[in-house]
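These protein sequence lines are chains P and Z, in that order. Under my numbering, the letters of the first sequence match residues 1 to 423, in that order. Under my numbering, the letters of the second sequence match residues 1 to 423, in that order.
Note that these hints are calculated values from the structure, not bench results. Each residue gets a CB set at the ideal place from its N, CA and C atoms; glycine is no exception. Any given hint could be a false lead.
As the list claims (entries may be wrong) - Examples of chain Z residues lying across from chain P (beta carbon under 7 Å, computed):
1. T15
2. S28
3. P29
4. L30
5. D82
6. L86
7. Y248
8. G280
9. A297
10. S315
As the list claims (entries may be wrong) - Label-pair restraints from in silico Cβ distances:
11. P/S6 / Z/L342: 49 to 55 Å
12. P/D193 / Z/P51: 55 to 61 Å
13. P/D327 / Z/A224: 57 to 63 Å
Unchecked claim - Stretch-level coverage of chain P by chain Z, calculated; a stretch enters the list once three of its residues show a Cβ under 8 Å from a Cβ in chain Z:
14. 30-40
15. 84-92
16. 125-133
17. 158-171
18. 290-302
Number of protein chains: 2
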Amino acid sequence: MRPPPSAAAQALNDTLARHHPAAAACLSPLGRSLFFPRGIPSQSAEARDCPINATIGQVTDGHGHALALPAILSALGGLDGDEAVLYTAQGGRRDLRERWAAHIAADAPGAPVDISLPVVAAGLTHGLELAAALFAGPDTPVLLPDPFWGNYTAIFERLHQARVIPYPLVRDARGPAGWLDVPALRRAIGALDRPAILVMNFPSNPLGYSPTRDEVPELVAAVADSPQPLTVICDDAYQGMWWEDEVYAHSLFHALAGLDPARVLAVKVDGATKELFYFGGRVAFLTFGAAGPAAQALEEKGRAIARATVSVVSSTSQAVMAQALADPTLPAQQATVRGHLLRRFQALKRALADAGLQTLPFNSGMFAVVRVARDPEEIRQALLREGVGVVALPEIGALRLSYGSVATEDIPRLVQAIARHAG
Amino acid sequence: MRPPPSAAAQALNDTLARHHPAAAACLSPLGRSLFFPRGIPSQSAEARDCPINATIGQVTDGHGHALALPAILSALGGLDGDEAVLYTAQGGRRDLRERWAAHIAADAPGAPVDISLPVVAAGLTHGLELAAALFAGPDTPVLLPDPFWGNYTAIFERLHQARVIPYPLVRDARGPAGWLDVPALRRAIGALDRPAILVMNFPSNPLGYSPTRDEVPELVAAVADSPQPLTVICDDAYQGMWWEDEVYAHSLFHALAGLDPARVLAVKVDGATKELFYFGGRVAFLTFGAAGPAAQALEEKGRAIARATVSVVSSTSQAVMAQALADPTLPAQQATVRGHLLRRFQALKRALADAGLQTLPFNSGMFAVVRVARDPEEIRQALLREGVGVVALPEIGALRLSYGSVATEDIPRLVQAIARHAG
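Chain P on its own, in the form it takes in the complex:
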């Protein structure tokens, strides 16, 4: 059942009842529940003018400019009118979909598993929304890593009335293989009493954690032992941003797609946003771990829900991406930007340790979460006044730092500012 609107949503509904009674009377139950959350986008907007802005999950030079790949810039330097202006086919450009299927296959740690042709989505969020529409109905249990990206709640709970069940992602102390709380995940899966969804997000937002090589077997086994049919959505947005040697440097999708199709369906959501550092492109993919007729049936359902929600995806962005993927030097270009991120990761790790700040485990992605003893929102406000933007996560008493948008040389200042206020 849909819960009553939150106070923030109810305030908007009251405004409409006073100022536009027809609008108030016509809102759907979903419409009544909607408000714009005071989450990361709001906090990023407030930090827009900060000289040090560690709020937003995109990669810049630290001074507001894109660290775009030459392959993307070269495509943007002169697009073909027909390609960029006319519609692409439903489901996306065929050549792009095939290239992305090859890109996924190339990531497989062993022999490639059977996958569907990827369906193009209008960004990672849309890819997740397509997966949610297909598999999340009223009261579907959705196991989400805790802490998780706030928009998951909007997608699974608000849009589809699914029942969110958080599972703790990491433990308080490192285990023999790594930090993941696999026993807790195993218990959460074991408690399922109906078909369900499990969201896996590695490297994770907001934690910046990925499993170590030693953690993968027990993680996959926990999924394989599910007592109920389970759809595992791999939110692979930050794929490729792996910074420590022990990190398992592949998507878990391949291992999960190889499990028993009577038990587990693996779904991969990934795209150009972070892998090609093409944040504004809004090109992502929805891919199913399935073979033959099942892969075709799922691909058709994916295309159908994409048609009903956005029809097709920007031809212009798809043209940019297709051109970039055809550039043989693309992997080297990605490695260069990842090199910048790795240096920032190392600088941040060192500075946080030097300052004695307590963090949650992070080894990948572009975020780190710092535990603070005082109210995170108060600290955020104080930092804003000093020109330092961070995201407050009051629900876990912490701050999220994005090092994607902070230059390496600014990282010590960022950490010192936090240490001054968090102490």
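For chain P, the structure is supplied; the task is to place chain Z on it using the hints.
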């Protein structure tokens, strides 16, 4: 209540039950209902290689190439990396949203009415989906013009479980003011027993009809007299394509937005797709006819549902569009392409009359509907074999012709081919 899956959807579900039991068990009720309809996109795909392709609602030179505006091409010729690669704000680029608000105001036939700041959507379909999410819940009556664009059913009925009620758009014989069946619409509105949605789509797809100046007052009065609160969604995709002198050459949104806010909420969905002939851009807008706090509350709810479905919209496409809108010669460029369409409209009208083919009324947009005595699907197949692509509308015993993608000189051949098979 959600009806049982159609035969086409059930065939996919059966395939999954056999080949991927976990996927079959995990599908949501919506997921179970999905299949890719054998509608316009499928029929367009089949006509891809036809020398005369009148299937698709986009404007080309008739030989597969875009008739792109120079302002769009010039933007595509060299985009700024930061603008195209980084995220835009939630809700869209502020400058673009303000320019579009001014564009809407400039269309007002009298003094501009109060409107919200337009929210950027990922194409017209997404704009409609945002409006549907806000106002269409289970069993919400949705009055749709008959015949209507097939994707409306997917959006309102399949996604949101609303109850579609078609109203006849035009009469069999012309009335004193024009062809619209306003009495039928008035009856449909009068029969409403709860808050409802009315979709108005002018110029219409598939008919290509817009109200005459004389029809507008009675149309607006029928809405004003609604016994129930009514959200009127103006699907203005084809705005500006007005070909006959008697056509009312404005959106109805302005008149509807001026009605009593205790009775009527006007919502406008429009965009670059057809107005700027930028089909692949996927930039559209959702705008509310409301003032002050009500406008702000609705705009916030619009941004919230956009965030949960796609997050932000392609920065690349938004950059192209913002640059094009800043070009002072844009209106002249639009007029040139519209001039091509007008000549095709005139050629088609003449050729259809000469061939003695019976059409539904058309005076605008880029479509015409031809009644046929034989099975439209059979005729479509026969025409395909001759290299002529048209869309079959079996539910009304007709063919839809898009003259957006047929060169003027090919129109007589198109009509002759139809006449040969339809006779």
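Hints, one by one, checked against the model:
1. T15: holds, 4 Å
2. S28: Result: holds, 3 Å to nearest chain P Cβ.
3. P29: holds, 5 Å
4. L30: Nearest chain P Cβ about 6 Å off; hint holds.
5. D82: This hint holds: Z/D82 lies near chain P, its Cβ roughly 5 Å from the closest one there, short of 7 Å.
6. L86: holds, 5 Å
7. Y248: violated, 24 Å
8. G280: holds, 3 Å
9. A297: holds, 4 Å
10. S315: holds, 3 Å
11. P/S6 / Z/L342: 49 to 55 Å: Because 51 Å falls inside the window, the suggested range holds.
12. P/D193 / Z/P51: 55 to 61 Å: Check passed, 59 Å falls within 55 to 61 Å.
13. P/D327 / Z/A224: 57 to 63 Å: Holds: the Cβ-Cβ distance is about 58 Å, inside 57 to 63 Å.
14. 30-40: holds (count 6)
15. 84-92: Since three or more residues must qualify, the claim that chain Z covers the stretch 84-92 of chain P holds, with 7 doing so at under 8 Å.
16. 125-133: holds (count 4)
17. 158-171: holds (count 3)
18. 290-302: With 10 residues closer than 8 Å to chain Z, the stretch 290-302 of chain P meets the three-residue bar; holds.
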